[in-house]
Amino acid sequence: MSLVIPCPNCGSRPVEEFVYGEVPLVPESITDPDARDLDRAFMHGNPEGPVVERWFHAAGCRRWTTVRRDTRTDQVLG
Amino acid sequence: MTNPDQERRIAFEWREPRSAYDVVIVGGGGHGLATAYYLATRHGIANVAVLERSYIGSGNSGRNTTVIRANYGIPEAVRFYQRSIELYQRLEEETERDLMHRQKGLLWIAHSEPGVRAERARAAINTAFGARTEFVTPEEIARICPQVDLSGGGIWPVRGATYHPEGATARHDRVVWAYAEGAMRHGVEVHQRTPVTGLRLDGGRVTGVETPRGPISAGVVLAAAGGHVTALGEMAGLRLPIRSHPLQALVTNHYERRFEPIVASADLLFYVSQTARGEMLMGAEIDRQPSYSYRSGHHFLQYTAFRAITLLPFLRDLRVLRQWTGICDMSPDYSPIMSATPVEGLYLTTGWGTWGFKAIPAGGEGMAALIATGEPPELIAPFSLDRFAKDRTLADRGSAGTH
Chain A
1 MSLVIPCPNC
11 GSRPVEEFVY
21 GEVPLVPESI
31 TDPDARDLDR
41 AFMHGNPEGP
51 VVERWFHAAG
61 CRRWTTVRRD
71 TRTDQVLG
Chain B
1001 MTNPDQERRI
1011 AFEWREPRSA
1021 YDVVIVGGGG
1031 HGLATAYYLA
1041 TRHGIANVAV
1051 LERSYIGSGN
1061 SGRNTTVIRA
1071 NYGIPEAVRF
1081 YQRSIELYQR
1091 LEEETERDLM
1101 HRQKGLLWIA
1111 HSEPGVRAER
1121 ARAAINTAFG
1131 ARTEFVTPEE
1141 IARICPQVDL
1151 SGGGIWPVRG
1161 ATYHPEGATA
1171 RHDRVVWAYA
1181 EGAMRHGVEV
1191 HQRTPVTGLR
1201 LDGGRVTGVE
1211 TPRGPISAGV
1221 VLAAAGGHVT
1231 ALGEMAGLRL
1241 PIRSHPLQAL
1251 VTNHYERRFE
1261 PIVASADLLF
1271 YVSQTARGEM
1281 LMGAEIDRQP
1291 SYSYRSGHHF
1301 LQYTAFRAIT
1311 LLPFLRDLRV
1321 LRQWTGICDM
1331 SPDYSPIMSA
1341 TPVEGLYLTT
1351 GWGTWGFKAI
1361 PAGGEGMAAL
1371 IATGEPPELI
1381 APFSLDRFAK
1391 DRTLADRGSA
1401 GTH
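Residue numbers (our numbering), protein chains in the order written: chain A, 1 to 78; chain B, 1001 to 1403.
Just so you know, these hints were derived from the structure itself, not from any lab. Virtual Cβ for every residue (Gly too), placed ideally from N, Cα, C. Since no wrong hints were added, every one of them can be taken at face value.
For the chain A half of the interface with chain B, some residues (derived, Cβ under 8 angstroms), not all of them:
id, residue
1, Ser2
2, Leu3
3, Pro14
4, Tyr20
5, Leu38
6, Asp39
7, Phe42
8, Met43
9, His44
10, Asn46
11, Glu48
12, Thr71
13, Arg72
14, Thr73
15, Asp74
From the derived model, a few chain B residues whose C-beta atoms are all more than 12 angstroms from chain A:
id, residue
16, Asp1098
17, Ala1121
18, Ala1142
Isolated chain B (complex conformation) (with noise of 0.2 angstroms):
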C-alpha cells in the first residue's frame, strides 16, 4: 500500500472532554488507542476517552525499535504474541493506512552450547504453540544474513540460530495514529496535554479521574500509562509488582545496501534492524537501576558498538545518528499484566517492558474484550496481576532483557 498523502489526510478531531464517559483510559500510547479501537468496533463501546498527558505515542510507543516476533518461550507467550503477529499482518488492510509493515524474517543467533540449545527448545516449543521457528546452522545463517561475521570476531563464533520467518517491523508511530484515526472515526475521543492526577473511588471501585481540565467520570479505567503506571497504581491504594527502567537505542547513518533480516543474539544481548530510511537500528539491554530519566549515556553506546561490530563488522564504517531511551515498566516474570484489579472497575495494561510494541494489537483486543464482557479471554486470562499471589508466574527467557 502506498498512501503519500497519508499524513494530511488523517482525520483528527480534537474537542474538549465532556463530564462523562463509560471508559476512561490513562494513556495515549498504542496499548491505549487499541483499546479504544476494539472497545470501539469490535464490542459497540464508542463513549470512551483516551487522556494522554503528553502528545500520543510520546511514550514508549514513539520509542521502541518497532519489532513483530512472536518466538517467545513459554507457550502462553508464543500464543499471545502469535495473534498479534496475525493482526499485524491485516492492520493495514483492516485500517487502510500505510503503516510501513514489512516481513523481513529474524534470525536469533546462539554463540554457544547452552545458548544453541536454548535455541532448539525454542524451535521446538515455538512449532508446538503456532509460531513458525526453525533451527538453522551458521551456513544457513550466511545465505539468510550475508554480513554476519560466523567467527564472531574471534570472540563469539557464531554456532547457529533460529530463523523466525515472520518476523516484521512496522513504522511505530503510524502504527498510533491508525488506531488513533480509527477510534475516533467510531465515535472515541482523544484528549492530549489531559495528565490525570488523581483517581475518583467510592468504597471499592473507581468512578473516575481527576484533571487539570476538570474531573470525569467513568465507569471503568483502564491505565495504559507504560513505566508510569505505579504512580496511578498507588491512587487506588495499589501496589503493583513493577519496576521503571531506562532502555536505550541508537540508529546509524544510512546503510548503502538492503540489510534484510533482524538480526538478534541472546548472549551477547544485542539486536539490530535496518530503518525504511537505511539507518541501522539497534538495542541492547536495560539500564540495571530503576529510573525514569530520559537521560541518554556513554556506557550504552560503548557496549552496544562493541556487540554491534563483533557480530556485523560492516557496521564499524557507519556513524551514530541519534540515541534515545524510554522508560520500561518491567515486571518480575518478564511477562505483560493484563488484568482486572482488586479495586472494581479498574483494569490494567501494564508490564510491557521492552515487549510492547509487537503486542499493540493482541494486548488491545484481548483487553477492549476483558472490558466489554468482564471476562479475561483466554488468550490473556494468564497475564492477570493475581498470579504473583497465586504463584502462577510466566518466567519468559525468551522475553528477558532484549526487544
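So that you can see chain A by itself, here it is in the shape it has in the complex (with noise of 0.2 angstroms):
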C-alpha cells in the first residue's frame, strides 16, 4: 500500500498525485547568520519518526495542505 496523503479539499489521495515540500527547520541553537544560511541551504533534521510537512495537490485541487507523517511507517498522523 502507497503512502497515501489527506487533502482536506479532495479527500485521501494517493501520493503520486501530490508534490512534496520540505519544511526546512533550522534549530535555534544555530546563531551565527552565515551558519543558519548554510543550514538552510543544505542540512536536514531528516527525522526518523513524526515529521511536519507540506504538501501540493498537484493533480487535484492545486492547494497546500500540512500534514504530520512519520517516516518510519509513512502513516499520517491526525
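Quick one: dock chain against chain with the hints and give me the complex.
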C-alpha cells in the first residue's frame, strides 16, 4: 500500500498526485547568520519519526496542505 | 572462478565484543566492511570492530541492483568510480571468492536531442578522465542489444547512447561476505545484532560508542550506517546534508534468452539487467518524500512497467516476482561524502544514495587510508563534508536519480 495523503479539499488521495515540500527547520541553537544560511541550504533534520511537512496537490485541487507523518511507517498522524 | 562449496567454507568466527578497539565501524554493510578489510590488509590496523545492528548486508548492500560502472559526469567522480571498477575486477582473485562478477557492458540510451548532447558530453568527460565510454548510434545499439525497441513504443524514439564496456554486475551479498571474511581473517571482529545507541564524547572528540552489549571505547569511530547516518550525526551534535529516501526495485521471472548488457535510459529514468538466474532486474528513481519505510508501492510498479515495455517490449511477457525497497542516504549534490568531521576521531562515509554498491572497493580503500594516515587520499579528498560550507559542491548529473 502506497502512502496516502489526506487533502482537505479532495479527501485521501494517493501520493503520486502530490508534490512534496520540506519545511526547513534551522535549529535555534545555530545563531551565526552564515551558519543559519548554510543549514537552511544544505542540512536536514531527516527525522526518524513524526515530521511536519507540506504537500501540494498538483493533480487535484492545486492547493497546499500540511501533514504530520511518521517517517518510520509512512502513517499519516492525526 | 567456480567454487560450489563457497557458502559452507566461509570461515566466520563470532566472538563477544571487547571493551576497546582502535577503530569501531558503525554499520556492517559493504562500505563499513570494506573499510575494515583495507585497514587490516593495507595498513596493518586490525584492532577493529564492525558493529551491525541487524545482520551484515541487511541494508542497502543487500538491496541494490548490483551495477558497477564509472560513466559519471564530473572528473572527480569518473576517476573515483574507475578505481572502484578496477578493484572489483581483481576482487575475486584477491579474496579467493566467487563474487559472480561479470563484465557485461552498459548502454545509456538517449531519447531526445538534449539527451544526445548529454551523452556526447559524458563520453568526452569519461574518456578525458580514464573511463572507457563511447557514443554509439541507434544502428550500433541494435547490434549490442537487439531487444531494444528503437522506436521507443512510438513515444520515446532512441536517438543514440553511450556504451561503457566495463559496466559490470556482481552478486552483492557475496561482496559483503568476502570483505567480512577477509577482514576477520586478518583479525577484525564483526558483531551482528549490535546497534549503536549513543556516542561517547570527551570535549570535541569521540571516545567510543554505547551498545546494549555494553560501552566500547575507540580512538576512531566511522559512521557507515547508510540511510540511518543522520541519527549517528545527531549523537555527536552534527547536522548532516542528508535526506533518506526510499528506492524501490523489482525482478521478474526468468527470461529464457541471454540479455547481455545493462541497459539504462536517462530520459526515462529506468534501468534493467539480467541476473545470473535469468531474472530481469529493474529500477527507476527514488521516492520523492523522505522516509525510512521499507513498504513497496503500486505506483512504482506501474511507471516502471510502463518504461520497461516502452524500451524493451519483450518484458511485457514476463511477470513480477519480487519488489523491495532500500533507504538511500541522498546528498544535495548527488555525490558521496567521505570525510573527517568537526568531531575529532569521528569519520563519515555517507551520501551513497543510489550509487553506493559500485563504490564499495574504492570507498573502503579511501576511507581506510584516511583513517590510517589522517589525510584523505587524492581520490576521495574532493568528497569532504566541508565542501558545502566552502561552496565546492560536486553536482553530478551522471549519478542523479538512477543507480
